[in-house]
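Q: Each chain, letter by letter, is given below.
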Amino acid sequence: MVKIKKRKLGGAEIPTSSMADISFLLLLFFLVSTVIDVDTGIGLTLPEYIPEEQQEVAPLSKDRLAAILINENGDVLLNKEIIAIPQIKENLTERIRSKIDQPNNKKLVVSVKTDRKTNYNLYIQALDQVKGAYFQVREEYAQTRYGKKILDLNEEEDKDMKDKIPMIISIAEPEKIDK
Amino acid sequence: MKFEKKRASTKQEIPTASLPDIIFMLLLFFMVTTTLREVDVLVQYTLPEAKAIEKIENKRLISYIWVGKDQKIQLNDNLVKLEEIQKIMYARRVALPNVIVSMRIDKGSDMGIVTDIQQELRKADARRINYSARLSN
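Note that the protein sequences, when read in sequence, are chains A and B.
Heads up: the first sequence is residues 1 to 179, going by the working numbering.
Heads up: the second sequence is residues 1001 to 1137, going by the working numbering.
It should be emphasised that the hints constitute simulated quantities derived from the structure, not laboratory data.
None of the values given here were measured: they were computed from a predicted structure.
There's no promise every hint is true.
Unchecked claim - Within a straight-line C-alpha distance of at most 20 Å, the following computed EDC-like cross-link-like pairs (lysine to aspartate or glutamate) qualify: (1) B/K1107 to A/D115; (2) A/K162 to B/E1054; (3) A/K162 to A/D101; (4) B/K1107 to A/E72; (5) A/K149 to B/D1110; (6) A/K113 to B/D1040; (7) A/K159 to B/E1054; (8) B/K1051 to A/E139; (9) B/K1069 to A/D115; (10) B/K1069 to B/E1049; (11) A/K159 to B/D1040; (12) A/K113 to B/E1057; (13) B/K1069 to B/D1040; (14) B/K1107 to A/D75; (15) B/K1123 to A/E90; (16) B/K1087 to A/E48; (17) B/K1055 to A/D21; (18) B/K1059 to A/E139; (19) B/K1055 to A/E155; (20) B/K1055 to A/D39; (21) B/K1055 to A/E139; (22) A/K106 to A/D63.
To be verified - Which chain B residues face chain A? A few, computed with CB under 10 Å, are given here: (23) T1033; (24) K1051; (25) K1059; (26) N1078; (27) L1079; (28) V1080; (29) L1082; (30) S1109; (31) G1112; (32) T1115; (33) L1121; (34) R1122.
Unchecked claim - Here are the simulated distance ranges between beta carbons: (35) B/F1030 to A/K162: 16 to 24 Å; (36) B/K1051 to A/N154: 40 to 48 Å; (37) B/L1135 to A/S18: 41 to 49 Å; (38) A/K117 to B/L1079: 19 to 27 Å; (39) B/T1034 to A/K62: 34 to 42 Å; (40) A/K162 to B/M1031: 33 to 41 Å.
All residues carry an ideal CB built from backbone N, CA and C; glycine is no exception.
With the rest of the complex left out, here is chain B:
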């Protein structure tokens, strides 16, 4: 006796009409939750690793300082000299009173340059800092 396969009489298609909507939802989610990469980093650096680290909650308050392998200093979007930090940061601090300075310093740097930058920041009265570090395993 021959068996005949049962076939459903309905169409075998996945309805794709709502696909764009779903993806737009995803898109919107990403647009809302992320911030655009604002600056090009002009220095090379590797962050140190640490365990007891905290998140910075408010991204809009952050100013970044990078110090690269070759001891170049970048403040937000420009390479700067050490002496210029105070002026720029002071202006920034006046505009945004509780600014946080995130220091992304190459782990091979000397403390000399770090303390120099810190002195400048203290003079500019931008005293909330954060030594950027990655979570170590």
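Excised from the complex, chain A in its bound form:
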């Protein structure tokens, strides 16, 4: 019987030199099609919706309240005094600091109220100032009490700080008139 000779194969190799190029293309595609930007912004929790009939007016002592009003011309009132937006922070830090050791029902409440025609940018600037004031006081507190930065606090300390300096920002019910 004749033996059938197996044909010898040449070097069976897959050419891999272009692999790098292909994966580079893939990489580029993903780089282009993805969003890397993180969402940053000013966080807030809106008050619960209560129909108008059931609304109750809770009296707040003047001492607790910091009312910020912004009208359509961009004038800002803080507790009925005209103020420039960059001054809000300074003004509030003082008041927040003085309330650190007060009980919970005596902490500062910041209320921000605008007209319907007020520019949104102004509102954000004002809110930014308020947040900035809170962050500054929290930072100071963390530094003096624990000698750490806010981000380095552990859970318990963080909770204590947030208890002592809660951010109570109230977005006032908008005016119903002049749409």
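Could you slot chain B onto chain A? The hints should help.
A: Just chain B now, with coordinates in the frame of chain A:
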């Protein structure tokens, strides 16, 4: 006397066999860390700038609302009317109880439309919001 240059006897080639692997690693890293652009933004807007801003940690919880220069409102992937926000957001909130609404509002807008949207969100009980802003220098 003539100097002769010394030459290394080894081959002068950079080994490229592992290049694809390295790049695949990079690729995988990017695939894992990024989220795909899911929606087309149909409105034009410029974000306001602020200093005291926070990051939103969990991207999957976010619903987006855009308000453009021409006061058009886009909710996630469609342009919507003001009255429709409540219904859509309520459904969204039922599916995802701690949804965060990221509000990307053009900085030239009036507060009127902002408060209107906020009222709708309050009715829908989606109360965690975030005014999107860029970090100013």
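Q: Each hint needs a verdict: does it hold in this structure or not?
A: To see whether the hints hold, each was checked on the structure:
1. B/K1107 to A/D115: Since the Cα atoms of B/K1107 and A/D115 sit roughly 16 Å apart, the hinted pair holds (cutoff 20 Å).
2. A/K162 to B/E1054: Holds, because 16 Å separates the two Cα atoms, which is no more than 20 Å.
3. A/K162 to A/D101: holds (12 Å)
4. B/K1107 to A/E72: holds (14 Å)
5. A/K149 to B/D1110: Violated. A/K149 to B/D1110 sits at ~37 Å, over the 20 Å cutoff.
6. A/K113 to B/D1040: violated (33 Å)
7. A/K159 to B/E1054: holds (18 Å)
8. B/K1051 to A/E139: holds (15 Å)
9. B/K1069 to A/D115: Answer holds: B/K1069 to A/D115 is near 19 Å, not above 20 Å.
10. B/K1069 to B/E1049: Measuring from Cα to Cα gives roughly 16 Å; hence the hint holds.
11. A/K159 to B/D1040: Violated, at roughly 39 Å.
12. A/K113 to B/E1057: violated (28 Å)
13. B/K1069 to B/D1040: holds (16 Å)
14. B/K1107 to A/D75: Within the cut-off at roughly 17 Å; holds.
15. B/K1123 to A/E90: violated (35 Å)
16. B/K1087 to A/E48: holds (17 Å)
17. B/K1055 to A/D21: violated (36 Å)
18. B/K1059 to A/E139: It is violated: about 26 Å lies between the C-alpha atoms, which goes past 20 Å.
19. B/K1055 to A/E155: holds (19 Å)
20. B/K1055 to A/D39: holds (6 Å)
21. B/K1055 to A/E139: Distance of about 17 Å is within 20 Å: holds.
22. A/K106 to A/D63: holds (9 Å)
23. T1033: Since chain A brings a Cβ to about 8 Å from B/T1033, closer than 10 Å, the hint holds.
24. K1051: Holds. Min distance 6 Å.
25. K1059: holds (7 Å)
26. N1078: Hint on B/N1078: violated, closest Cβ of chain A at ~19 Å, above 10 Å.
27. L1079: Nearest chain A Cβ about 19 Å off; hint violated.
28. V1080: violated (19 Å)
29. L1082: violated (12 Å)
30. S1109: Where the cut-off is 10 Å and the nearest Cβ of chain A is about 4 Å from B/S1109, the hint holds.
31. G1112: Hint on B/G1112: holds, closest Cβ of chain A at ~4 Å, below 10 Å.
32. T1115: holds (4 Å)
33. L1121: This hint holds: B/L1121 lies near chain A, its Cβ roughly 6 Å from the closest one there, short of 10 Å.
34. R1122: holds (4 Å)
35. B/F1030 to A/K162: 16 to 24 Å: violated (36 Å)
36. B/K1051 to A/N154: 40 to 48 Å: violated (26 Å)
37. B/L1135 to A/S18: 41 to 49 Å: holds (42 Å)
38. A/K117 to B/L1079: 19 to 27 Å: Given a distance of about 24 Å, which is inside 19 to 27 Å, the answer is holds.
39. B/T1034 to A/K62: 34 to 42 Å: violated (50 Å)
40. A/K162 to B/M1031: 33 to 41 Å: holds (36 Å)
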